[in-house]
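Given the sequences, and given the hints that come with them, work out the whole structure.
This is what each chain is made of:
Number of protein chains: 2
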Amino acid sequence: MAKEPTIQVIPLGGLGEIGKNMTAIRYGEHIILIDCGLAFPGEEMMGIDIVLPDYTYLVENRDKVQAVLLTHGHEDHIGGLPYFLKQINVPVYGSRLALGLVDRKLKEHHMDGQSTLLPVKPRDKVEIGPFKVEFIRVSHSIPDAMALAIHTPLGTVVHTGDFKIDHTPVDGDVIDLHKFASLGEQEVLVMLSDSTNAEREGYTLSERLVGRSFEQYFLEAKERIIIASFASNIHRLQQAILTAHKYERYVAVAGRSMVNVLAVASELGYLHIPEGMLIDLDEVDRLPKNQVVILTTGSQGEPMSALTRMAHGDHRQVEVMPGDTVIISATPIPGNEKLVSRIINQLFKLGAKVIYEGSSDIHVSGHPSQEELKLMLNLLRPKYFIPVHGEYRMLKKHAELAQQLGIPGENIFIGEIGQVFTFTRRSGRLAGRVPAGRVLVDGLGVGDVGNIVLRDRKEMAQEGILIVVVTMDKQTHQVLAGPDIVSRGFVYVRESEALMEEARRKVNAALDKCTGQGNCGWAYIKQEIKGALGKFLYEKTRRKPMIMPIIMEVDKKTN
Amino acid sequence: MAKEPTIQVIPLGGLGEIGKNMTAIRYGEHIILIDCGLAFPGEEMMGIDIVLPDYTYLVENRDKVQAVLLTHGHEDHIGGLPYFLKQINVPVYGSRLALGLVDRKLKEHHMDGQSTLLPVKPRDKVEIGPFKVEFIRVSHSIPDAMALAIHTPLGTVVHTGDFKIDHTPVDGDVIDLHKFASLGEQEVLVMLSDSTNAEREGYTLSERLVGRSFEQYFLEAKERIIIASFASNIHRLQQAILTAHKYERYVAVAGRSMVNVLAVASELGYLHIPEGMLIDLDEVDRLPKNQVVILTTGSQGEPMSALTRMAHGDHRQVEVMPGDTVIISATPIPGNEKLVSRIINQLFKLGAKVIYEGSSDIHVSGHPSQEELKLMLNLLRPKYFIPVHGEYRMLKKHAELAQQLGIPGENIFIGEIGQVFTFTRRSGRLAGRVPAGRVLVDGLGVGDVGNIVLRDRKEMAQEGILIVVVTMDKQTHQVLAGPDIVSRGFVYVRESEALMEEARRKVNAALDKCTGQGNCGWAYIKQEIKGALGKFLYEKTRRKPMIMPIIMEVDKKTN
Chain A
1 MAKEPTIQVI
11 PLGGLGEIGK
21 NMTAIRYGEH
31 IILIDCGLAF
41 PGEEMMGIDI
51 VLPDYTYLVE
61 NRDKVQAVLL
71 THGHEDHIGG
81 LPYFLKQINV
91 PVYGSRLALG
101 LVDRKLKEHH
111 MDGQSTLLPV
121 KPRDKVEIGP
131 FKVEFIRVSH
141 SIPDAMALAI
151 HTPLGTVVHT
161 GDFKIDHTPV
171 DGDVIDLHKF
181 ASLGEQEVLV
191 MLSDSTNAER
201 EGYTLSERLV
211 GRSFEQYFLE
221 AKERIIIASF
231 ASNIHRLQQA
241 ILTAHKYERY
251 VAVAGRSMVN
261 VLAVASELGY
271 LHIPEGMLID
281 LDEVDRLPKN
291 QVVILTTGSQ
301 GEPMSALTRM
311 AHGDHRQVEV
321 MPGDTVIISA
331 TPIPGNEKLV
341 SRIINQLFKL
351 GAKVIYEGSS
361 DIHVSGHPSQ
371 EELKLMLNLL
381 RPKYFIPVHG
391 EYRMLKKHAE
401 LAQQLGIPGE
411 NIFIGEIGQV
421 FTFTRRSGRL
431 AGRVPAGRVL
441 VDGLGVGDVG
451 NIVLRDRKEM
461 AQEGILIVVV
471 TMDKQTHQVL
481 AGPDIVSRGF
491 VYVRESEALM
501 EEARRKVNAA
511 LDKCTGQGNC
521 GWAYIKQEIK
531 GALGKFLYEK
541 TRRKPMIMPI
551 IMEVDKKTN
Chain B
1 MAKEPTIQVI
11 PLGGLGEIGK
21 NMTAIRYGEH
31 IILIDCGLAF
41 PGEEMMGIDI
51 VLPDYTYLVE
61 NRDKVQAVLL
71 THGHEDHIGG
81 LPYFLKQINV
91 PVYGSRLALG
101 LVDRKLKEHH
111 MDGQSTLLPV
121 KPRDKVEIGP
131 FKVEFIRVSH
141 SIPDAMALAI
151 HTPLGTVVHT
161 GDFKIDHTPV
171 DGDVIDLHKF
181 ASLGEQEVLV
191 MLSDSTNAER
201 EGYTLSERLV
211 GRSFEQYFLE
221 AKERIIIASF
231 ASNIHRLQQA
241 ILTAHKYERY
251 VAVAGRSMVN
261 VLAVASELGY
271 LHIPEGMLID
281 LDEVDRLPKN
291 QVVILTTGSQ
301 GEPMSALTRM
311 AHGDHRQVEV
321 MPGDTVIISA
331 TPIPGNEKLV
341 SRIINQLFKL
351 GAKVIYEGSS
361 DIHVSGHPSQ
371 EELKLMLNLL
381 RPKYFIPVHG
391 EYRMLKKHAE
401 LAQQLGIPGE
411 NIFIGEIGQV
421 FTFTRRSGRL
431 AGRVPAGRVL
441 VDGLGVGDVG
451 NIVLRDRKEM
461 AQEGILIVVV
471 TMDKQTHQVL
481 AGPDIVSRGF
491 VYVRESEALM
501 EEARRKVNAA
511 LDKCTGQGNC
521 GWAYIKQEIK
531 GALGKFLYEK
541 TRRKPMIMPI
551 IMEVDKKTN
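Protein chains in written order, with UniProt numbering: chain A, 1 to 559; chain B, 1 to 559.
Think of the hints as simulated: they come from the structure by calculation, not from any bench.
Keep in mind that a hint or two might mislead.
Note that the list lumps identical chains together, so a pair holds whenever it fits in one copy or between two copies.
[Stated by the list, open to error] Taking lysine-lysine pairs in the PhoX-like style, the calculated list, with each CA pair at most 20 Å apart, reads:
(1) Lys544 / Lys458
(2) Lys540 / Lys86
(3) Lys349 / Lys396
(4) Lys353 / Lys396
(5) Lys86 / Lys105
(6) Lys383 / Lys179
(7) Lys396 / Lys338
(8) Lys374 / Lys179
Below you can see the structure in the form of structure tokens.
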């Protein structure tokens with residue numbers, strides 16, 4: 001009996017989590033990928049720079065992988081590409097903007113010119129093996145975001161990408177509701193849709209609103225205006241620039257990613273900066289204060305960002321002062337609340353007027369609220385539905401919405417990364433798993449930091465480390481030097497000399513059991529030291545530092 | 001010329017920060033303290049258990065300290081007492097509830113019976129040296145919270161404590177607006193007031209609302225109900241218990257602090273539990289599911305709390321399952337958002353219905369919003385105003401409100417801990433500073449972890465540590481053993497053997513410059529190792545682990 005052909009949808013990232021979005025669509029011997037993002041490390045991932053999806057499955061099936069399709073140019077959708085393309089160099093389809101940002105990334109990784117980047121426009125159709133892919137315009141917090149309709153021999157899979165329904169987008173390019181309607185009119189087998197804001201009732205507001213707020217604050221500001229925003233929110237920057245132009249202010253740019261993205265966006269025509277408006281950050285001080293706007297990174301309070309440095313008075317070119325209006329045009333991403341709050345406090349202390357979340361309409365989300373999700377579900381009327389791009393609680397809420405709209409519960413899949421969702425023309429089911437997870441990037445190392453290293457980092461961070469070194473004779477196990485005890489992150493040594501002296505005595509006592517006899521193995525001695533010292537320190541301090549005994553053996557015969 | 005007498009207000013904690021509230025009021029040779037709280041460590045204070053105010057100033061003036069006055073029994077107002085009383089054992093005034101909680105704390109510190117705890121009621125007046133102190137009822141998220149009017153020979157200082165204006169409090173004891181009015185009618189020299197919610201417009205809602213929400217969720221719930229809340233929010237627990245009683249459910253309690261506070265509160269008559277309603281957690285499984293309510297700790301997602309353990313399936317007695325309704329009756333404190341979110345995801349995954357912030361009215365704040373702050377300011381009409389209990393941005397906002405109500409800007413002080421605010425009958429000014437800051441408690445150590453230890457912890461957490469040990473001859477500097485390199489939190493060693501081998505060669509090269517010559521000091525050799533290894537590792541990995549060279553010297557002559 002011939003095996004019935006199937007479509008497999010295999011999420012490798014972005015499901016049950018926020019970030020590192022990546023989904024494989026497989027039909028027979030052909031795989032296409034939707035996005036290849038990164039995630040930023042949680043605080044428990046100490047010292048980690050970025051997190052990639054584990055795409056072992058793709059490496060194992062590298063001959064089947066045909067292409068990567070990008071929905072848009074945010075880091076959580078494109079940030080994994082340099083790493084991925086190094087291993088599996090396939091063509092990448094995306095908007096000119098997304099590819100412009102990818103290109104810059106590849107250059108940073110010294111990979112320019114090594115990959116095929118194929119620009120597509122909304123309503124473009126490309127054929128990749130058995131897949132016919134249509135790109136569909138949506139609104140989002142970066143221009144030229146696109147949903148994908150992937151037509152396969154068994155039916156159509158629609159992935160909304162990140163979207164919102166903005167009826168008055170800044171660039172005038174309205175989301176292609178007609179195309180979604182016509183797909184729904186035909187037949188959608190599987191729909192995957194953005195769940196980020198599934199817990200929010202109503203509609204997400206239009207980006208235009210932020211422009212109106214800028215207008216208001218520009219009217220009120222007597223001196224300099226500093227606007228912090230995500231660099232990739234080009235429509236927001238555009239609105240800031242146009243408002244600046246209207247109020248006869250020059251614009252300077254601070255922060256590496258802001259400079260980079262502005263360069264790409266204006267080069268590609270996504271951003272219009274009136275002639276002569278852009279000035280160098282060094283020129284700011286030479287202009288009257290009411291003629292200046294500074295666009296800066298740091299809206300998330302990132303420790304090394306330009307705004308953070310300004311707030312702490314160590315930005316080389318910009319000193320925040322009374323009279324300045326600072327607009328933080330963003331909402332803190334969960335986990336960043338305290339960082340952002342600290343910046344706000346600092347800016348207030350410097351005398352600035354600070355406009356921030358809660359105090360005004362200076363930010364709107366780029367993701368759809370419940371009414372938009374319902375509209376999209378009702379337009380597409382899919383047979384099977386997979387809520388994606390969200391933590392479990394959001395997926396769950398999105399699933400509930402879908403059920404309220406009449407999609408049967410058994411046709412809705414709340415999944416996890418690595419699960420294989422298998423569809424035929426008339427069936428959908430969970431069928432097995434592939435490897436999935438996270439790969440940590442620390443400096444140049446990709447994947448060389450794992451759970452053991454993280455556990456050690458956490459232990460040292462919480463309790464510090466105590467290193468005990470003894471030099472012993474290889475034959476007799478006589479102590480030749482030491483024990484020396486050094487600690488880091490445990491107690492301030494100068495004030496704890498008595499404790500350390502006593503600790504040394506404990507180690508000596510442990511050694512006395514063994515040394516001079518030559519009948520204890522090194523491992524046994526180490527264990528004795530750990531045990532005695534750990535017990536003693538816990539009694540004295542109620543702390544459990546990591547204890548690391550090191551024994552150096554000297555062969556007196558040969559020396 | 002005799003020195004003019006003054007009142008000094010000296011905030012030692014809680015100003016420009018949330019937590020560890022403590023304020024000294026000094027007149028001549030007499031000091032009284034308002035509150036003695038602790039703060040919970042920020043994530044940058046790795047491994048720290050709690051944070052105390054630095055009260056060096058009080059220790060230096062211990063003979064002047066007369067008493068501690070407690071506004072209420074929250075940790076950030078009483079948590080520092082066991083440490084403080086160990087050093088300066090003065091009487092403590094507070095409500096019966098606050099003192100009941102203090103008493104329990106002192107027992108935990110094996111200090112029972114060693115301090116004088118003096119219960120007071122609203123409208124009580126006590127005389128302490130030159131101070132006449134009136135206790136005034138306010139509403140807050142713990143019963144029997146009180147403001148203080150401190151009458152001094154130079155005028156009256158009013159400290160609102162933490163408060164809100166709840167016209168329909170659960171216990172029926174309404175905030176004593178009449179007393180505040182009569183104080184304002186006379187004359188208030190200095191007012192200190194709660195700024196926590198100064199950024200929120202309007203009024204804070206009544207605690208009763210939460211009771212109404214409980215009512216609704218109890219009506220809907222078919223099976224067990226689990227409610228997570230702050231243990232100290234006794235009115236909320238009371239409402240949960242009464243609602244449980246109405247719907248004929250038994251109540252069980254999970255989590256140490258919940259058990260403790262319930263015991264104190266019911267013993268002292270603050271909490272009424274109908275006969276036979278309270279059951280043991282072990283009995284829960286024997287009852288029909290629709291007859292059970294579990295009150296639990298963990299509303300902030302604290303890693304070791306009962307709710308967290310239930311969510312992760314490792315609570316000994318309670319297993320969360322489909323059909324359960326879990327109500328998280330709290331808002332995440334800034335910094336806890338991700339912890340709480342993780343719990344919510346986990347509970348959803350277990351199939352529970354989770355009611356949480358944003359999805360409903362299951363929490364109200366205990367602090368006053370702008371309209372309440374204005375009312376209090378207008379009732380008291382102080383000559384001088386010090387916004388307290390808040391971060392800078394909140395103090396700033398509160399100051400703005402006061403100015404809008406007609407208090408001159410120069411009579412409003414946005415201060416910092418350690419500043420001395422000095423008042424006479426007709427003047428107020430900033431006059432000097434006393435030591436202030438934070439004292440870190442780690443295990444049994446109070447103050448033995450300082451910035452150096454924290455910096456080392458952070459460095460090891462981010463980058464890991466590399467220990468290089470060499471045993472050398474004392475005279476000749478010949479290498480007798482090693483160099484051995486061990487690392488923790490750096491790379492997973494088994495996969496990095498080549499890197500470590502090369503690192504060892506670098507160390508050997510550095511040693512070769514020195515050894516066998518006896519002309520390099522140990523410090524110089526260590527510096528060489530650090531330099532060579534640091535450079536090499538950064539080039540290879542772009543990481544900068546802490547490098548710790550340890551040299552053991554063996555005196556071959558004597559050995």
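Hint-by-hint comparison with the structure:
Both within a single protomer and between protomers do Lys544 and Lys458 lie at most 20 Å apart by alpha-carbon distance, with minima of 12 Å and 17 Å respectively. Only between protomers do Lys540 and Lys86 lie at most 20 Å apart by alpha-carbon distance; the minimum there is 19 Å, versus 53 Å within a single protomer. Only between protomers do Lys349 and Lys396 lie at most 20 Å apart by alpha-carbon distance; the minimum there is 9 Å, versus 43 Å within a single protomer. Taking the closest pair of Cα atoms, Lys353 and Lys396 come within 20 Å of each other only across two copies (11 Å); inside a single copy the shortest separation is 40 Å, beyond that limit.
In the homo-oligomer, the alpha carbons of Lys86 and Lys105 lie at most 20 Å apart inside one protomer (13 Å), although the nearest pairing across protomers, at 59 Å, exceeds that limit. For the homomeric pair Lys383 and Lys179, the shortest alpha-carbon distance inside one copy (18 Å) is at most 20 Å, but the shortest distance between copies (67 Å) is not. Taking the shortest Cα distances, Lys396 and Lys338 sit within 20 Å of each other only across copies (18 Å), while inside one copy they are farther apart (28 Å). Taking identical chains as interchangeable, the C-alpha atoms of Lys374 and Lys179 lie at most 20 Å apart only when both belong to the same chain, with a minimum of 16 Å there against 54 Å between chains.
Figure legend: structure checked against the earlier numbered hints; every hint is met.
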